[in-house]
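Novice: One letter stands for each residue in the lines below.
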Amino acid sequence: MRRYVIRRVVQAAGVLWAAYTVAFLVLDYLPGDPVSAMAGQGLDQTSTDPAQIAQLKHEYGFDKPVLVQYAEYLGRAVRGDFGDSVATGRPVTSTLADALPATLQLTTAALLLAILVGGGLAVLATYTSMRWLRQVLLSLPPLGVSVPTFWVGLMLVELFSFRAHLFPAFGNDGLRGLVLPAIALAIPSGALISQVLAKSLLNTLNEPYVQTARAKGAGRARVHLRHALRNASLPALTVIGVLAGQLMANSVVIETVFSRNGLGRVTATAVGSQDIPVVQGVVVFGSFVFVLVNLVIDLVYPLIDPRIVVAGRPA
Amino acid sequence: MSPTLQSTPSPAPRHRGRLAIAGSFAAVSTLLLSACGSGDGDAGTGSPSSGGTLTFAVGSDAGCVDPQQVGSNDTIYSTRQLVDSLTDQDPATGKIVPWLAESWTVSKDATTFTFKLRPGVTFSDGTPLTAQVVKENFDAVPKLGIRALLAKSYLAGYAGTTVVDDHTAKVTFKQPNAQFLQASSTFSLGIESSASVRRTPEERCTKGVSGSGPFTLSSYVPNQSIALAKRKGYAWGSSLFKKKGEAYLDKLVFKIVSESGVRTGSLQSGQVDAIGSVGLADEAALKGAGVRLQARANPGVVFGLGFNESRPLFKDEKIRQAISLAIDRAQIAGTVYPSGTKPATSVLSHTTPSYTDLGAKLALDKARAGSLLDQAGWKPGPDGIRSKNGAKLSFTITWAPVAATNQPSLELIQQQLKAVGVDVTLKLIQVAQFQVIQQKSDFDALWGNITRADPDILRTSYSTALANIYRLPPSELDKLLDGQVAADDPAERAKLVGQAQQWIVEHAVVAPVVELQTELGVAKKVHDLTFDASSRIQLHDTWIG
Amino acid sequence: MSQMVDEGVAAEAAVGLGVPVEKGRDGAGVVRFFLRRPGLVLSIVMVVLVVLAAFWPNLFTSRDPLTGVPAQRFQAPGGAHWFGTDELGRDVFSRIVHGAALSMKATLIAVAVAIVVGGLLGLAAGFVGRWVDDVLMRAVDVLLSIPALFLSLALVTALGYGTMKVAIAVGIASVATFARVMRAEVLRVRQATYVEASRSCGTRWYGVLGRHVLPNAIGPVLVLATLDFGTSILAVSSLSFLGYGAPPPAPEWGTVIAAGRNYLANAWWLTALPGFVIAATVLATNRIARALDGEWTRR
Chain A
1 MRRYVIRRVV QAAGVLWAAY TVAFLVLDYL PGDPVSAMAG QGLDQTSTDP AQIAQLKHEY
61 GFDKPVLVQY AEYLGRAVRG DFGDSVATGR PVTSTLADAL PATLQLTTAA LLLAILVGGG
121 LAVLATYTSM RWLRQVLLSL PPLGVSVPTF WVGLMLVELF SFRAHLFPAF GNDGLRGLVL
181 PAIALAIPSG ALISQVLAKS LLNTLNEPYV QTARAKGAGR ARVHLRHALR NASLPALTVI
241 GVLAGQLMAN SVVIETVFSR NGLGRVTATA VGSQDIPVVQ GVVVFGSFVF VLVNLVIDLV
301 YPLIDPRIVV AGRPA
Chain B
1001 MSPTLQSTPS PAPRHRGRLA IAGSFAAVST LLLSACGSGD GDAGTGSPSS GGTLTFAVGS
1061 DAGCVDPQQV GSNDTIYSTR QLVDSLTDQD PATGKIVPWL AESWTVSKDA TTFTFKLRPG
1121 VTFSDGTPLT AQVVKENFDA VPKLGIRALL AKSYLAGYAG TTVVDDHTAK VTFKQPNAQF
1181 LQASSTFSLG IESSASVRRT PEERCTKGVS GSGPFTLSSY VPNQSIALAK RKGYAWGSSL
1241 FKKKGEAYLD KLVFKIVSES GVRTGSLQSG QVDAIGSVGL ADEAALKGAG VRLQARANPG
1301 VVFGLGFNES RPLFKDEKIR QAISLAIDRA QIAGTVYPSG TKPATSVLSH TTPSYTDLGA
1361 KLALDKARAG SLLDQAGWKP GPDGIRSKNG AKLSFTITWA PVAATNQPSL ELIQQQLKAV
1421 GVDVTLKLIQ VAQFQVIQQK SDFDALWGNI TRADPDILRT SYSTALANIY RLPPSELDKL
1481 LDGQVAADDP AERAKLVGQA QQWIVEHAVV APVVELQTEL GVAKKVHDLT FDASSRIQLH
1541 DTWIG
Chain C
2001 MSQMVDEGVA AEAAVGLGVP VEKGRDGAGV VRFFLRRPGL VLSIVMVVLV VLAAFWPNLF
2061 TSRDPLTGVP AQRFQAPGGA HWFGTDELGR DVFSRIVHGA ALSMKATLIA VAVAIVVGGL
2121 LGLAAGFVGR WVDDVLMRAV DVLLSIPALF LSLALVTALG YGTMKVAIAV GIASVATFAR
2181 VMRAEVLRVR QATYVEASRS CGTRWYGVLG RHVLPNAIGP VLVLATLDFG TSILAVSSLS
2241 FLGYGAPPPA PEWGTVIAAG RNYLANAWWL TALPGFVIAA TVLATNRIAR ALDGEWTRR
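Chains as they are written, first to last, in this note's numbering: chain A, 1 to 315; chain B, 1001 to 1545; chain C, 2001 to 2299.
Note that these hints are calculated values from the structure, not bench results. Be aware that one or more of the hints could be misleading.
Claimed, not checked - Just the calculated beta-carbon pair ranges, DEER-fashion:
(1) K1392(B) x E72(A): 43 to 51 Å
(2) V68(A) x A2192(C): 48 to 56 Å
(3) K1524(B) x A164(A): 16 to 24 Å
(4) G75(A) x E1203(B): 23 to 31 Å
(5) K1143(B) x G75(A): 34 to 42 Å
(6) L292(A) x Q2191(C): 30 to 38 Å
These figures come from a predicted structure and were not determined experimentally. Glycine is no exception: its CB is placed at the ideal position from the N, C-alpha and C atoms.
Only chain A is shown next, with the shape it has when bound in the complex (with noise of 0.2 Å):
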């Protein structure tokens, strides 16, 4: 088990550093001339002087061999420094670590939301007699993820803001104000989360233990929740790892339309000015998130499914 366990974090730690890779790649490396591009920003009122390009070059590195460069990058981000934001001049770490409470409010209440809603879903879906209501269910997950989440976002200030007047169009202010982001934003995954745990349940009930619990005169809902429902829910949870890139990815656009102070429009904001330094952070933090989530669920499925054989990667 701890054998397992050093090299899953290993694992996830190679990962990220890659990642890291990949941004610095994308970021640092494709544009021509990032300091120009800085430049542009108001980094330095004088910077259309040559002599304060190569000095500005200097600064960054960026005279540098891109090997140098990346060693010296990678040095400071291990230490958690990405740099100075361009546009603001504030460090890229304290920028993020600001905007990351809000963000993890909006997040935490759509996939609470998510989860309830959308589990609710595939339970009613898979327990139903009725054959109707069972096709409108299950029609009803296909469409979440095929509608624009700025388009539902939009609607509902349309509809609950303009219109009722029952919540704030824009903003951070209060629970009433994280009503309709977190609604919007919980919408595809909860779409995908009743997909997965429908399939699950289906695939369950149909398993000898479930028939024999049947058999044994249990009643059907119980027989439903007790027993396939906590089977089921296990290979869930292997999306969450998903869910907490979805839900991270939809906030930038759930948080531009509802002009929410966040990480989300953090990133709209420096993809929108070219902050080089703050995008690459926010990249990061992504891949951080995910990995992380990834590693969580991996360490803990063993513990709770032990059908699971930790010498394998489970999924």
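Please build the complex by placing chains B and C on the supplied structure of chain A, with the hints as guidance.
Specialist: Only chains B and C this time, still in chain A's reference frame:
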């Protein structure tokens, strides 16, 4: 409100007694009063009361909360409240009146300005206002970064400030500087505390400054909000303020909401109390929702296309003239801007002192535009776009989303220019990047305006001795611009300003398009939200009730 | 927007929820197959309409999508303008029809990039095996660990704005999924007896690849491509909604919604109807993908 007014008096029932009729008349007169109150935005119904929070939604954040360094209206609305200026300007008459300076004298040749400061003024960090602080402020301005384009141009030719005594400061210039007195009334030369001006320009931007204004900065979250709180013990308001002493409102919260649709909807639903930059599109709905619309034409340089004359295409005067002639200004003003907005009739708006009406030269004339382009060698191609030696007649207009009206205006210009065979690409940049682009002249044509209640704004924009963002070659224009600022006789100055406008329009240095009319949407419960001389807002006298 | 949905997971999840399997003779069977699935028929009609609009917009409208009549601005949907008019009096329906060309082009490019790059990677990994497989699959794991939209955003930051660049950024972000599926299929086919047999008969490697492996492995990749089509429409429109697509006045779908958002409070049709078209198109392609995946073969 109006239907009530019309219906109440007529069906006065006959069988009722006198008392009832008298009562209904009494009701009518109150209604009349309140209708006037909400219609004009002056004289409210009840008596003004202190307290409350005003939530104001603006469209953009310039990324800086130092009034000396910002130029975009959305940010000036909030930062103006942080500082007081030496003088103030009466929006009705244009007259310069006392604020921090009780009195002043200007030397005959307009090179020396002596301000006698009001005693007892303190900054929000507790330090007192002295002549030394004024000196430190002005000394620091030329060292500010590119953001302080306005402040720097107001102090062009600055020789120094002498501290005559604790409350007397003498500002001197190397050349005559007729515009400086008006400049001393602007937010760009608002006075900040000694500690504030010693900070780096970047620090002043992100952390804010201590001023002596009626409000102090309580928090600034970039791209999200700017919150201000009432300054306790404020007792040195401008002579124009109606209320003596502290402001009425406890808090001001400026929310940055980039979509005009969301701003409008939030004002209609009551989430915010006031919004900036209302466009024609939302007027009817806002009026329907009982929102008061307040409009005032901004003085200064109108919205237009400033050509970068270092680009080969725009070195040719004919091209610039053709573009200016191909623009249908009336259509743009009538389709996009708040009702009552005037198409440009000069490079200056009609509310600027010494404005000259050159409307005849700025009329739509597609035929002449076409023939000018023909003369310049640009012949229509098969796709309708003109070309010369295989190159297409195309250029880029760079713009920032500082007003909701920008994009539709530019799309109309794009259509109008296409009609004469000119291809236009629109390039959107972030508001915070705008000044950098200006400074580097990194554009073909730039869409923008500058508000100032003094014609010297022409020198700020087009003098080759200053920033010269349009990369103009030295010309006759420089003499006119330098001449007007040196003129000690107002009539002489007006004449030179008129000639400068004529020169600019004739040589199509810029294609003026439409005047900016600031239109604010203000909820009924907000009273006395007033415009200052530059059509920015003054919130000291504003109250909610 | 659901570009983060792991297509594999979604595809798998979709299977098995379908209508029970039925059997029938060929001609009548096909008819019955479709008759029992009105939703699928509707989806095919929708996709055909969108494709027609992308290539021959004039079939649907004769109005100019770029030039409007300012006097007729903000007209609500009605007989004269099905989708109403915008702030400059342009016909919104015409903008959506003409925008289909831009949005479909971007989506096709994105899917093509994903298929070609991802497919080649997967093919190489699966066919060559050994260390090539290891290296490529580790790289794919890394790409999968970066949320797709973040990867697209990073690419857009580096490449700049524009329809083409957005399309490439979206395509690269889904390369990893394609590489995985392709590899799995190649491995499956490679081990099949007839391929082994063919090899032992001395057929050259490219012969084996071209004649046996590719044709048999491509099926699931194409199903994934159909599914990715919907995902890419959403991703492309999200990026252009955020303002990274074609500059105005180009009527790219996301851009049209972003512009309409400025009038959300009082002209609902500028955002509601274009969004509805996007949702319907994505729904339709997803429905077709599901049909291709299971229902059709099980017939």
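Novice: Run every hint past the structure and note whether it holds.
Specialist: Each hint tested on the structure:
no.: 1; hint: K1392(B) x E72(A): 43 to 51 Å; result: holds, 45 Å
no.: 2; hint: V68(A) x A2192(C): 48 to 56 Å; result: holds, 50 Å
no.: 3; hint: K1524(B) x A164(A): 16 to 24 Å; result: holds, 21 Å
no.: 4; hint: G75(A) x E1203(B): 23 to 31 Å; result: holds, 29 Å
no.: 5; hint: K1143(B) x G75(A): 34 to 42 Å; result: holds, 36 Å
no.: 6; hint: L292(A) x Q2191(C): 30 to 38 Å; result: holds, 36 Å
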